[in-house]
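Go ahead and model the full structure; you've got the sequences and the hints to work with.
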Amino acid sequence: MSWTPVCAYTDLLPERGACALVGTHQVAVFRTFDGNLYATGNRDPYSGAYVLSRGIVGTRNGEPTVASPMHKQVFSLVTGACLDDPTTVIPTFPIRITSGTVEVSVP
Amino acid sequence: MVKPPERTIGPMPVSLSPAQPVIPARVVVVGHGPSAYRLVESLLARGFPGAVTVLGEEPRPAYDRVALTSYLQEKSVEDLTYPVPDGVDLRLGSRVTGIDRAARTVTTATGETVPYDVLVLATGSAPFVPPVPGRDLDGCFVYRTIEDLDAIRTAAATATAGVVVGGGLLGLEAADALRGLGLATHVVEMSPWLMPRQVDEGGGAVLRAQVERLGLTVHTGAGVKEITGPGRVTGLVKPDGETIPAQLVVFSAGIRPRDELARACGLAVGERGGVLVDEGLRTSDPAIYAIGECALVGGMVYGLVGPCFTMAETAADRILGGTAAFTGADLSTKLKLLGVDVAQFGAMSGALDVTYLDPVGGVYQKLFVSDDAATLLGGICVGDAAPYDTLRPFVGKPLPALPADLLFTGGGASLDLPDDAQVCSCNNIGVGAVRTAIGEHGLTDVAGIKSCTRAGTSCGSCVPLLKQILVKSGVEVSKALCEHFAHSRAELYQIVQVRGITTFTQLIEEHGTGRGCDICKPAVASILASLHQGHVLDGEQAALQDTNDHFLANLQKNGTYSVVPRIPGGEITPEKLIVIGEVARDFGLYTKITGGQRIDLFGARVEQLPRIWRRLVEAGFESGHAYGKALRTVKSCVGATWCRYGVQDSVGLAIELELRYRGLRSPHKLKSAVSGCARECAEARSKDFGVIATDSGWNLYVGGNGGFQPRHADLLVAGVDTETLIRTIDRFLMFYIRTADRLQRTSAWLESLDGGLDHLRRVIVDDVLGICADLDAQLARHVTGYADEWAATLADEEKLRRFVSFVNAPDVPDPSIRFATEREQIKPALETQVPA
Ligand code: SRM
Ligand SMILES: Cc1cc2nc3c(=O)[nH]c(=O)nc-3n(C[C@H](O)[C@H](O)[C@H](O)COP(=O)(O)OP(=O)(O)OC[C@H]3O[C@@H](n4cnc5c(N)ncnc54)[C@H](O)[C@@H]3O)c2cc1C
Ligand code: SF4
Ligand code: FES
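For the record, the sequence lines run as chains A and R. FYI, the working numbering numbers position 32 of the first sequence as 32, with every residue one higher than the one before it. FYI, the working numbering numbers position 327 of the second sequence as 327, with every residue one higher than the one before it.
If you are wondering where the hints come from, they were derived from the structure by calculation, not from laboratory data. Where a beta carbon is used, it is the ideal one built from N, C-alpha and C, also for glycine. Heads up, some of the hints might be wrong.
[Claimed, not checked] Listed below are the simulated DSS-like cross-link pairs for lysine-lysine, each with C-alpha atoms no more than 25 Å apart in a straight line:
no.	chain 1	residue 1	chain 2	residue 2
1	R	LYS450	A	LYS72
2	A	LYS72	R	LYS397
3	R	LYS479	A	LYS72
4	R	LYS472	A	LYS72
[Claimed, not checked] If you want a taste of the chain R side facing chain A, the calculated C-beta under 10 Å gives, among others:
no.	residue
5	ILE146
6	GLU147
7	ASP148
8	ASP150
9	THR154
10	PRO522
11	GLN556
12	ASN558
13	ILE817
[Stated by the list, open to error] So, partial list: chain R residues that the calculated Cβ filter (under 8 Å) puts toward chain A:
no.	residue
14	LYS336
15	ASP518
16	ALA542
17	GLY559
18	PHE806
19	VAL812
20	ASP814
21	ARG818
If you want it as C-alpha cells, here you go:
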C-alpha cells in the first residue's frame, strides 16, 4: 500500500472537508469533530459534479456523514454508502496522520 | 365526490313524475353564483355530454361570496373568482327576464332567446331593504356584490361615520368592513341581542361587550324610523327619536330569495318566498330545477353556502338520471367577526345545558344535551370556538365525556372522532373520507387534504379539525427540526437567546444529540447570525454553512459558482455596468440579467472567486447575498422621478430598504419591492414585504410569494409615512426571524400564524406582547453592525485559504470543469467530465 501526503492536519477545519488531487483522482478528505479523518471520492454520483468535499459534515444515528452540497443526499464517511439509497456507494480510501501530515492511499 | 345519503322524507311538496332516464342535450343555468358554479362543475365532473349555457347577470364569473369582505382588505377579484371550466358557454351581463315553459326557452334583457331541455334556476337571493323613508338616498347601500363593495369603498372615502342596519351574521361582517374603512361604525339591531339566529341571550351579551370593546356602537332592540337627507344621507333616526349622524348606511336586514322569474312563469313558490322544489331539487315543472339560496326545500330556504353546494351536486346527479336526494343540511356556522369567534352547531336548545362563562376574558360556551345527559344536541360559542371544532362531529351521538369536563378542561383535543361524523359542512365531507384520503395518498398536511377531498376549501372553519385528524392518524407532524434536535426552529431561537448560547457545539451538547446535519447546522448558523453580529465564516460557524454560504457564492450544476453583486433597487451607474462587463469578460463568465433586477455572473471556479471579488469590491460593489437565506433584492419601478404616474420616489425608498436590511440572516430568503403608484410595476404584492406608494404615504403589504406557491401579500398598514413604514418592516422582519420554521417563507409563516394578520398587527403595531422595543433594538444592532462579507473575507488570509480547488495543489484548476459555447457565451459541458 502506498501513501501520498496531501496536507498538514491543521490545514483541515473541524467538521469540514477539503479536496486533494492524487494522480488523476479527486479525493475528498474530512476531519470530524472528534478529530478522526476520513477519505472518499469527491464525485457526487447523483449529479456527476466533483463537490462532495464541500458538503456539510455531521452524523446520522452516530455514524459520521457528509451531505452532497448539490442535492443533499447523505453518505456514510465510514462505508461510502448513500444512507438515503444504500445501492449507491462512493469509494472510500485509507487515510492516516504521519507526524502531523495527512496521507491517503489511493490504489 | 360525496353523495348525500339516499333517503326519502315524508310527503313531497309537489307531486312529480319519476326521474327521466333521458339525459338532456341542453342545460341552461340562470345565475352564476357559487351554486351555479358548483352545479356546472359537478355536471362536467360526472361526464355530462351535452351543452351547458350559463346566463349570469353580474359582469363577471361566479366568485366566492363567502369571502367577499376580503375584497376590501387584501384580495383581488381574481383571487375570489372561481375557475370557469372549458367548454361552458358562459354569458356575462346577461339577465334573464322571462321563461317560456311551453316553448322551453328563456329570454334575456339583451334580447337573446335561449332554448333549453333542462333549466336550472340558481338566482340566489337579494338583500332585503325595509321600506323606511330615505332608503333611496345617496349613501344607502346593500352588501352583496363586488359592485356594492366598490361603491361603499368610494363613499367611505369622504365619510366619517356609518350605520349598519341589522346585527346578524352579515350585518356584523359589514360593520367590520366599515370599521376597516376607517368609519365610526354603529350597528342597529331589532332583536334584543346581536346575532339572534346563532347565539342565545347570554352569548349575545358577551358578543356585544367584545364588539363594543373594538369601538363599535351597538343599538339593540332598535329599528329604523327614517334616514335623513336631503339628497345624501346625513343620519339615521331610531324609533325612540335618537339620531345617529352618518353619511353611509348599509342595509343588512335579511335576504329574500330571487324567485321573481319563477313566479312570473307560474311555478309553485313558497308563501314567504322561494322556488318550491322536491328533494331532487325539481320545481313544479319537471324540466326546471332550482338550487341554492333561491330554492325552498323541505320548508326551508338556506342562507349558507354549504347546503347550496349540496343542492348543486344533488341536482347535477338528478339531471344525469341519478337518484340523489337533498334531505336537509347542517346549519352550523363558525366565523370570526371583528376578531371575535362566534360559532353555533346542532340544536339551540335542549333538555339540559351546561354553560361556561368568563365575562372578563369574553368567553361564553354552552352545550345542549339530552335529558339523560348522554347525547350531545348542540352548542353555542362566543369568544373561543374550540368546542365547535372538537364537538360538532358528536352532535346526535353519545357524548365522549361529561359535558362539564368537555367545557372546563378543554379536553376536546384527545377525542376520537367517529368515521361517520361530518367534518366539513360546506362540502359535506365525513371524517371517514378524510381518514381514507390520508391513508391512501399518504397525506401529511392540510393542503393535501384540501386538494384530495375538497374539505376545508370553502369557509375554512373545519381546518383545525382537519389538522387534528391528521395528528390522530399518526401522521408525523413532529416539530423536531431533525434527529439531532427535538425542538422547532422557533424554540431553538428562544433557547439560544435566553441561554446566551454562542456556538453550535454548546447548543448541541446541552440541547441535542450527535453532531448535526445539513438541516440543523445551517438553521442554527442563521439563528446565531441573527442574534450575534460577526462574519458568517468566523470560527466554528464556517463549518455550519451550506456550500453557498461557505464560499459566499452559489453552487451550479457543474461545481462552479455564480457571483451576484448587490445592485440596490436595480439602480446602477454606467461605470459600474462597465466594471461588471469587464470582470465577466476577463474571467470568461456567462452573464445574465436576473429576475431580481441585477446581474449574475456564472461559471467561476472556487479559486477565482477572491480575484473576481477583489475587482468588484474595488469598484464599489458588495455581496448581493444571492447565496444566503437573507435579504435578496428590493426591486423598484422607476417611480415619481421619471414616471408620469408616480406619486413617490420608489427607487429612493427601495435603495434605503435594501441597504437597511442587507445581510440580515433569516429562516428563508427575503424579497421586497417598491412601486411608485398603484399600477404596481415592481410587483410588490408578490414579495415578502412590498411597498406601494399612495398620495398620502406608503401601503405596506406582507407575506407575498412567487415561487412554488404564489400568494398575494396582505395589506398590513396603509398610508403611513416613511418612518412608520420602516419601523413596521423592522418589527415584521424580526418577529418573523424569531418565530418562523426553518425554510418557511413569510407567506407560509403568516398563514400558519395563530390569529393571522390581525394577530401580527396586534403584536407589531399595537405591541400587545410588549416586545416591540426589543425587536427595534435588535434590528438597530443589525443595521449598525453590518459589514460587507466579501470585503471582510478579502482582508482575512485565514478565510481566503478555503478558496482552492485542491488543498495539495492550490494553483491547479479542477480538470473536471469543462465548458461548451452557446449563443456566444460559456455553458457547462457535463458529458466530458473525467471519470472518478
Ligand atoms: C438567478 C435567478 C434566475 C434568473 O436568472 O433570473 C434565480 C436563480 C435561482 N433561484 Fe430563484 N432566481 C431568481 C429569481 C427568483 C424569483 C423572482 C424574483 O425574485 O423576483 C423567484 C420568485 C419570487 C419568490 O421567491 O417569491 C424565485 C424563486 C425561487 C425559489 C422558490 C421560492 C419559493 O418560495 O417557492 C427557489 C427555491 C428555494 O429558494 O427554495 C429559488 C432558487 C433559486 C436558486 C438559488 C436555485 C439553486 O439553489 O441553485 C437559483 C440559483 C441562483 C444562482 O446560482 O445565482 N428561486 N427566484 C434569479 C435571481 C434573482 C436575484 O437577483 O437574486
Ligand atoms: C358578505 C357575505 C358573507 C357571507 N358569509 C357566509 C359565510 O361565512 N358562510 C356561509 O355559508 N355563507 C355565507 N354567505 C352566503 C353565501 O354567499 C351564499 O349562500 C351563496 O352565495 C349562495 O349562492 P347562490 O349561487 O345560491 O346565490 P348568489 O350568490 O346570490 O348568486 C346568484 C347569482 O344569480 C344572479 N342572478 C339572479 N337573478 C338573475 C337573472 N334573472 N338572470 C341572470 N342572473 C341572475 C345574481 O346576480 C347572482 O350573481 C355570505 C354572503 C355574503 C353576501
Ligand atoms: S408603478 Fe406607477 S410609478 Fe412605478 S413605473 Fe409603474 S406606473 Fe410608474
Ligand atoms: S366547513 Fe367550510 S370549508 Fe369545511
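- Message: Going through the numbered hints above, which ones does this structure break? Give me the numbers in ascending order.
- Response: Per hint list: 1, 2, 4, 5, 6, 7, 8, 9, 14, 21 violated.
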